[in-house]
Amino acid sequence: MYPIVYHFKSTLDDYREMTFFSTFSFRKGQNIAILISWIAGTTAFILDLADVIQLTQTIHLCALMVAVTMPMLFVSYLTNVRRFKVNGASYLKKAHTVLLGNDDVQYKESGNIHTGVDKWDDIAYAFETDHLFLLYRTPNSAVLLPKRCVTEKQIEETRICMKEKLGVRFKIRCRIKQGKTQKKHRLNKNYN
Amino acid sequence: MYSKKTVIANATGLHARPASDFIAAAGKFESKIKITRVGGDPEEDVANAKSIISVLALGLAQGEEVELSADGPDEQQAVDSLVALIDSKFGE
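Residue numbers (this note's numbering), protein chains in the order written: chain V, 1 to 192; chain A, 193 to 284.
These are computed hints drawn from the structure, not numbers from a lab. All values derive from a computational prediction rather than experimental measurement. Treat each hint with caution, since some may be false.
As the list claims (entries may be wrong) - Facing chain V, from chain A, some residues (calculated, C-beta under 7 Å): (1) G205; (2) V230; (3) E236; (4) L248; (5) A253.
What the hints assert, rightly or not - Derived CB-CB ranges, DEER-like: (6) N112(V) / K220(A): 20 to 30 Å; (7) G232(A) / L12(V): 41 to 51 Å; (8) D279(A) / A95(V): 20 to 30 Å; (9) V86(V) / Q269(A): 23 to 33 Å; (10) N102(V) / E236(A): 53 to 63 Å; (11) G219(A) / R83(V): 23 to 33 Å; (12) K196(A) / E109(V): 24 to 34 Å; (13) G232(A) / S37(V): 52 to 62 Å.
Glycine is no exception: its CB is placed at the ideal position from the N, C-alpha and C atoms.
Using the sequences provided together with the hints, build the complete structure.
Below you can see the structure in the form of structure tokens.
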């Protein structure tokens, strides 16, 4: 199975998906809590403005602060994408090679003689989204692996590799298409 | 310094498995070995033949011409052996 090789050029859509994920979905529990607080805060704030309910000044201020949280996160996401559009042109032109090995993850960028290596233990978290695998070394630094540049078999191998090397630090945040082999296995199981 | 040119003959090019075999073979020699895409960018299309990530980053496909060059005590043996490995299509 090893090494699994990703050889690709990133696109703006890749960066957009990664940034959206980092902003809204990185910590699922936390974001659900923020969403519920936002709905409650915004509702209370609007009802207070419409004189349906009456809040004290302090609670009104708190509700206002909660109400602006989500829009602020969304603005921060848009700002990051816009900043990347302006400054990331050279990054998008470069070809990237990422190698998932038995002992480590290696990186290489075209035009750069240096290569990077991370031991699997240095990877803090990894996530699978609809179109990407994301390897986070820190909460602010991720390596993206686009699924479009590999075959269905390699995607399945990457999933197995991440589960094996990272265990609970790897989380799947998308619906997985059931592979032919899995379907076949299930059919055989039912048949037996 | 000794060098030789050859053409990548196997269907999948120098991808994961052939590249692993290639660097394993290159690692047996003491000489410094380079693999270069002929007609490519002289700075970007050169790789250390003992580094799998550098070799894979070249993304060499079937039909591409490469030059192998080595510098060291066993340079001729290294280049001839690696050229023979490429010509053998890595057993595919």
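Each hint tested on the structure:
1. G205: violated (10 Å)
2. V230: With Cβ-Cβ at 17 Å, over 7 Å, it is violated.
3. E236: holds (5 Å)
4. L248: Interface hint status for L248(A): holds (5 Å vs cutoff 7 Å).
5. A253: violated (11 Å)
6. N112(V) / K220(A): 20 to 30 Å: holds (28 Å)
7. G232(A) / L12(V): 41 to 51 Å: For G232(A) and L12(V) the Cβ distance comes to about 27 Å; the hint is violated.
8. D279(A) / A95(V): 20 to 30 Å: With Cβ atoms ~27 Å apart, the hint holds.
9. V86(V) / Q269(A): 23 to 33 Å: Violated, at about 52 Å.
10. N102(V) / E236(A): 53 to 63 Å: Once the Cβ atoms are compared, 28 Å apart, the range 53 to 63 Å for E236(A) and N102(V) is violated.
11. G219(A) / R83(V): 23 to 33 Å: violated (43 Å)
12. K196(A) / E109(V): 24 to 34 Å: holds (29 Å)
13. G232(A) / S37(V): 52 to 62 Å: holds (56 Å)
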